[in-house]
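Each chain is listed here by its residues.
There are 2 protein chains.
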Amino acid sequence: MAPPFLKTREEYQKLVDSVDTFLLDCDGVIYHGPKVVPGVKIVLDMFREQGKKIIFVTNNGTKSRRKLKETFDKLGLGATIEECFGSAYASAVYLAEVLNFPKDKQVYVVGEEGLEEELDSFGIKHCGGSDPEDREFKPPIVWEDFKPDDSVGAVLCAFDSWINYKKMAKAMTYLRNNPECVLIQTNTDPTFPTHGSLYPGSGSLSIGIVNASKRTPLVIGKPNKHMMDAILAHHKFDPARALMVGDNLLTDIEFGLNSDIRTLLVMGGVTPNDQIYGDNPSKTVPTFVMESFGDLAVLAEEK
Amino acid sequence: MAPPFLKTREEYQKLVDSVDTFLLDCDGVIYHGPKVVPGVKIVLDMFREQGKKIIFVTNNGTKSRRKLKETFDKLGLGATIEECFGSAYASAVYLAEVLNFPKDKQVYVVGEEGLEEELDSFGIKHCGGSDPEDREFKPPIVWEDFKPDDSVGAVLCAFDSWINYKKMAKAMTYLRNNPECVLIQTNTDPTFPTHGSLYPGSGSLSIGIVNASKRTPLVIGKPNKHMMDAILAHHKFDPARALMVGDNLLTDIEFGLNSDIRTLLVMGGVTPNDQIYGDNPSKTVPTFVMESFGDLAVLAEEK
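Chains as they are written, first to last, in our numbering: chain A, 1 to 303; chain B, 1 to 303.
Isolated chain A, as found in the complex (with noise of 0.2 Å):
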C-alpha cells in the first residue's frame, strides 16, 4: 500500500508529536551540497527548543565527529558532537563496544585521517592510513612488502583517496593469512555526490579487497543494523517514538526498517515520486513521504 503523502500543518503536528528522536540522513534532507534546505535551520532549533533529540546519522565514513560538527557549523546550523553520527565513529563504537576489539590487536586501516582520530577516541591501535609509508606508494611493486601479520586484527575500510595496489595487497594479505582477521567496511555506497555529479565512493574503493579476499565483510553503515546498534550504544532512546528521515530508499529507509523504525522519506532528493507512487512502486516503502524536511518550518509559525 501506497504510504501517506503528508502536506498539512495537521499531519506534520501529529507526526512530531509522535516523535522524541529524529535520526536526519544529512545530505538531501538538511543541504543539497553547499546549499542548506530552506526552513531546515528553524525546524532543527524548534526541535531543540521542545527537547527533542536529533541524531544526524551519515554514511560518510571520512569525517570524525569532530569534522561532521564543522560542517554544521559552517552551514550556519549549530550541532553538538553528540548529536552527530557518522559511519567513522559507529565503526569505532562497534569495533570497541561490540566487538571488544584486544588492545593487543592493530585495525589496518583503508581510510582517512577522520577515522583514525575515531580509533584513536576509543585507545584502539591501528596502522596503515594516513601512514605515507602506505600513501605513497610507486610501482614497480615489491611482492615482499606484502607479509603476514598476525596482530592486525581487522581491516577497515572507508573512503580513502590515496587508495592504491599497496594499501589493496597487504588488506588481503592480513585477511587471507589470517581467518580471525575481520573485514569490515564503514559503508558501502558505491557512489558519492559532489560539485553536481556521482563519484566513485567509499563502496565501490574497498570492492576490489572484498573480491580478492573472498570475505563476508562486516559493514557498519545505513542500512545494516550495526549502525544503529551503535547509535543505540551510546544514546538512549525510545525506538518507537523514533523517526529516521531520509531521501534514499536503498539506505535510509532500508535502515529504519532493519532497525524497526518508522521512516520518513523526503523528496526533492535521489527517489523519484514514480518509485513511491507509480505503477511499479518500490519494495522499500517508507512509513510516511513528505515533499521536504523544512516544510515542518510551518509548525514554528504562529497560528
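Honestly, I wouldn't trust all of these hints.
Copies of one chain are not kept apart here, so a pair can be met inside one copy or by any two copies together.
As the list claims (entries may be wrong) - Once the Cα atoms are required to be at most 27 Å apart in a straight line, the calculated BS3-like pairs of lysine-lysine come out as: (1) 225 - 214; (2) 53 - 125; (3) 303 - 283; (4) 147 - 283; (5) 236 - 67; (6) 125 - 74; (7) 283 - 14; (8) 138 - 67; (9) 303 - 103; (10) 14 - 69; (11) 69 - 35; (12) 147 - 52; (13) 74 - 103; (14) 225 - 53; (15) 147 - 105; (16) 214 - 7; (17) 214 - 283; (18) 147 - 214.
Derived by calculation from the structure, the hints in this document are not laboratory data.
With the hints as your guide, set chain B onto chain A.
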C-alpha cells in the same frame, strides 16, 4: 559422469592423434612461477616438429605478445609471437576487428604499457594508461579534473599497479556521461599468483569501476567466448580438432565448454582432486584429465 584420467602411453597417443591445435594455459600447465614443468619443453618441441599448432592462451592483460614471448624465451621454451595470445592482445583484436572501434575515438586505459602496445599495433588511439598525469595522483581530489569527454569511446581495464582514485573517477565519468562508451575488462581474475602467494588481480582492481558506473562490462578473457572469437579472428583452425589444456576449472575448462572445444585438465595446479573425483564434484567437467602436461613427453621416447 567423471571424466577419464589418462595414464598410459596408448591413451596419450590416442588423444594427441586427435588434436591439431593445442590451446595452452601457461601458469600451472607450462610453468609454476619461475619453474618449467618437467617434460614440457620436450612436448612443445615434439608438437612443433609434428606440425601441430600451439597457442598460449593467458588472461594476463599486462604483457604484450612481445613480452609474453620474452617470458617464454627466458624460460628456455622458445615461442613465436604468433603462438602468444594474452588478454591484452585479445582486447585489442576485439576492439579493432569485432567492435570496429572508430578511428576518431579513443580508449581510456586503466592498465599498463603492454596493453597500450597492443592498442598501438592496431592503430587504436588511447589515453590514460601510463600517462604520468593519471599515474602520479596525489590527493586532495580536484573534482573539476573529472570532465566528461565524448571522444572516449571505451574504457578498457586490466591489471594496473598504478590504480588510484583519479583513474577510477575518470573512468566512471566517461561511462556515466556517455551511454555509448563501452566498459571492457581484459579479464576478471580476482587474484594473481606470484612469489608463492595470491595478490589482488585484475578483476579486483577494476570491480570498483564496474560497481560505481553500474555498467555490465564486456569481459574478454577466459572463460568468455570473446577470447575465442579473438583467437579465431587470427588463427584458422578446426575447433573439432583443438584441445584447451588448463589447471583451472572456472577459467580454462569453462572456456573450452563455452567455446565448444574439448578440454584437458592437468592436476598439480589450482584444482584439488576431489573437485573431479570426490563425492561432490564440480559441475564443470573436463573432457579428459591427466597428471601433468609434461607426461606427454613419453611419446617422444622410442617405444
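Do the hints match the structure? See the list:
no. : hint      : in the structure
1   : 225 - 214 : both (23 Å within a copy, 25 Å between copies)
2   : 53 - 125  : neither (32 Å within a copy, 58 Å between copies)
3   : 303 - 283 : neither (38 Å within a copy, 71 Å between copies)
4   : 147 - 283 : neither (46 Å within a copy, 35 Å between copies)
5   : 236 - 67  : within (23 Å within a copy, 63 Å between copies)
6   : 125 - 74  : neither (31 Å within a copy, 46 Å between copies)
7   : 283 - 14  : within (26 Å within a copy, 59 Å between copies)
8   : 138 - 67  : between (30 Å within a copy, 22 Å between copies)
9   : 303 - 103 : neither (57 Å within a copy, 69 Å between copies)
10  : 14 - 69   : neither (30 Å within a copy, 76 Å between copies)
11  : 69 - 35   : within (16 Å within a copy, 58 Å between copies)
12  : 147 - 52  : neither (51 Å within a copy, 44 Å between copies)
13  : 74 - 103  : neither (37 Å within a copy, 50 Å between copies)
14  : 225 - 53  : within (20 Å within a copy, 58 Å between copies)
15  : 147 - 105 : within (16 Å within a copy, 43 Å between copies)
16  : 214 - 7   : neither (48 Å within a copy, 35 Å between copies)
17  : 214 - 283 : between (30 Å within a copy, 20 Å between copies)
18  : 147 - 214 : within (18 Å within a copy, 34 Å between copies)
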